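**Q** Each chain, letter by letter, is given below.
2 protein chains.
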Amino acid sequence: MSAFPTALSAAADRVEARLQVEIATLPPSMVRDAMAYAARGGKKLRGFLVLESARLHGIGPEHAIASAAAIEAIHAYSLVHDDLPAMDDDDLRRGQPTVHVKWDDATAILTGDALQTLAFGLLARDDAAPTDAGRLALLVSLAHASGGAGMVLGQALDIAAESAASPLDLDAITELQRGKTGALIEWSACAGARMAGADTAPLAAYAQALGLAFQIADDLLDIEGDAALAGKRLQKDMAAGKATFVSLLGVDGAKARARQLVAHAQDALAPYGSQADILRDAAQFVIARKA
Amino acid sequence: MSAFPTALSAAADRVEARLQVEIATLPPSMVRDAMAYAARGGKKLRGFLVLESARLHGIGPEHAIASAAAIEAIHAYSLVHDDLPAMDDDDLRRGQPTVHVKWDDATAILTGDALQTLAFGLLARDDAAPTDAGRLALLVSLAHASGGAGMVLGQALDIAAESAASPLDLDAITELQRGKTGALIEWSACAGARMAGADTAPLAAYAQALGLAFQIADDLLDIEGDAALAGKRLQKDMAAGKATFVSLLGVDGAKARARQLVAHAQDALAPYGSQADILRDAAQFVIARKA
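Residue numbers (this note's numbering), protein chains in the order written: chain A, 1 to 291; chain B, 1 to 291.
Next comes chain A alone, as it looks inside the complex:
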């Protein structure tokens, strides 16, 4: 029996509570309401990774929770903007109407903007990392992971691919994924090592394999999943004729690749011994998830 689902759910509650407290410090406005709405729900896998990575380096949640909340604020901002009609045009997210559907496009743009700002503000808090040097290391690396060299770059490549003459090949899809979802997962997994000034290499290797496995699982869910469980519309990529890991490797090939990646992610944690068992479980669950 794995301890991961319980640990994830406990971390999710804790991270969301910290995030909502931070949002509640803002003056009342439609944007504040929409920020609270957009921050609600979801798996909070990134926040969990931050807390677990901190624990592996002897740092308790009271010195890491603001960083876990920060990465979830970045993730929430990216979803609010990605869902806009000018981007992916999604009307359903986490089983609820997206922000631009419930409010309007202008509010969604401002809500994403203010969630990003909130994320960086959180990194300067006392409960983001034990030291000033740790906070600044998290800041530099999050700016790199989430901006024009990371997540936003992945998103830009995705948009460019839509108007490209031919579908992307495996290398291009892998690069795109590394920016779009991989960079934030890697930042999260490495956060504890950065707080402690320790080597980030083992956790980076873990996260790179995990991020790729996560994306392949997402592509498989898009084909085989249950839209009600997923809380969003499925088969959009297939309908749009977009190249995915499944379209390039086939369903069986994609599943085999995901299993390889999980084994690779688990092996990368060797330096942490049994202390990292819950992160090993997390990798297993990522490819077994139904939503």
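Simulated from the structure, these hints should not be mistaken for laboratory data. A couple of the hints might just be wrong.
[Stated by the list, open to error] Quick list of the computed label-pair ranges, beta carbon to beta carbon: (1) A:G241 - B:G60: 53 to 59 Å; (2) B:D89 - A:A36: 23 to 29 Å; (3) B:D91 - A:D169: 35 to 41 Å; (4) B:E224 - A:R40: 46 to 52 Å.
[To be verified] What the simulated footprint calls covered on chain A by chain B, stretch by stretch (three residues with Cβ under 8 Å from a Cβ of chain B suffice, anywhere in the stretch; the number is not a length): (5) 22-34; (6) 80-93; (7) 105-113; (8) 130-141; (9) 145-151; (10) 157-171.
[To be verified] Pairs of lysine to any residue residues, derived as SDA-like cross-links and limited to a Cα-Cα distance of at most 20 Å, are as follows: (11) B:K102 - A:A161; (12) B:K43 - B:D90; (13) A:K102 - B:E162; (14) B:K102 - A:E162.
These figures come from a predicted structure and were not determined experimentally. Beta carbons are placed, not taken as given, at the ideal position from N, Cα and C, and that holds for glycine.
Using the hints provided, position chain B relative to the given structure of chain A.
**A** Relative to chain A, chain B alone:
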């Protein structure tokens, strides 16, 4: 003969160069091109204020330039997003087509997002402030000034005002302006004091008066200005029936109020003596400008 125009122009060149160097470190993409485009031109008044404020506290540009570049990246991001069709829908900015006109809406959303990320990343650089504590103080205060308690809040109030039953009164317009343009101007003017751990009160008082005078001058330019010099469309507020300082005070009343505010701003600098003469000149120029 005032030294201000020359000092502003020298600061603008220096700040823009630092910003473009930072943008050039990103991997090539459409978004990187659009970021460089959006960061080009403009008065760079906010960056100038950061450098002047640092100088007043004995901090040279080599220890403050990244913070000056950061506030201009925030300003540029806000313009790119404000100009979107879902927001103010402007097609001309600084005499050039806006980002969503030259590229498209999705690229403009991502470009604004990545400029904001870049701004926060800049604050962690060695040339942002002399100490780690100074960098973190700038980070906390910039998150407050630019997010859901500052600039974004002002923007949200502006949008809410458009659908309100009656036009805003003077208090409401003043509050809106304080967020929309005042918060960033105040952050810029206080930056040097924050880097040095000094009292921010005199510079905050200066900046609050300056910011309000700046907005009144903007409203006057919207009525009396030359669109070719301004590099953007004018009389949009009047056409939209929006309340402005000019519609509430009249042209003469607005001019008198701006002169009062400039005197107030200059008086607030008393603790800095003649060292602050260039900031006094800056206040005078803000209401005399033609663009």
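**Q** Hint by hint, note whether the structure agrees.
**A** Each hint tested on the structure:
1. A:G241 - B:G60: 53 to 59 Å: holds (56 Å)
2. B:D89 - A:A36: 23 to 29 Å: The hint (23 to 29 Å, Cβ to Cβ) holds, given that B:D89 and A:A36 are roughly 28 Å apart.
3. B:D91 - A:D169: 35 to 41 Å: Roughly 38 Å apart at Cβ, these two residues keep to the hinted range, so it holds.
4. B:E224 - A:R40: 46 to 52 Å: holds (48 Å)
5. 22-34: Result for this restraint: holds, n = 8.
6. 80-93: As far as the stretch 80-93 of chain A goes, the hint holds, because 4 residues have Cβ atoms under 8 Å from chain B.
7. 105-113: holds (count 7)
8. 130-141: Held - the stretch 130-141 of chain A has 6 residues with a Cβ nearer than 8 Å to chain B, which meets the minimum of three.
9. 145-151: With 4 residues in contact (Cβ-Cβ under 8 Å with chain B), the coverage given for the stretch 145-151 of chain A holds.
10. 157-171: Answer holds; 3 residues pass the 8 Å Cβ test.
11. B:K102 - A:A161: holds (19 Å)
12. B:K43 - B:D90: This hinted pair holds, its Cα atoms lying about 19 Å apart.
13. A:K102 - B:E162: holds (19 Å)
14. B:K102 - A:E162: holds (18 Å)
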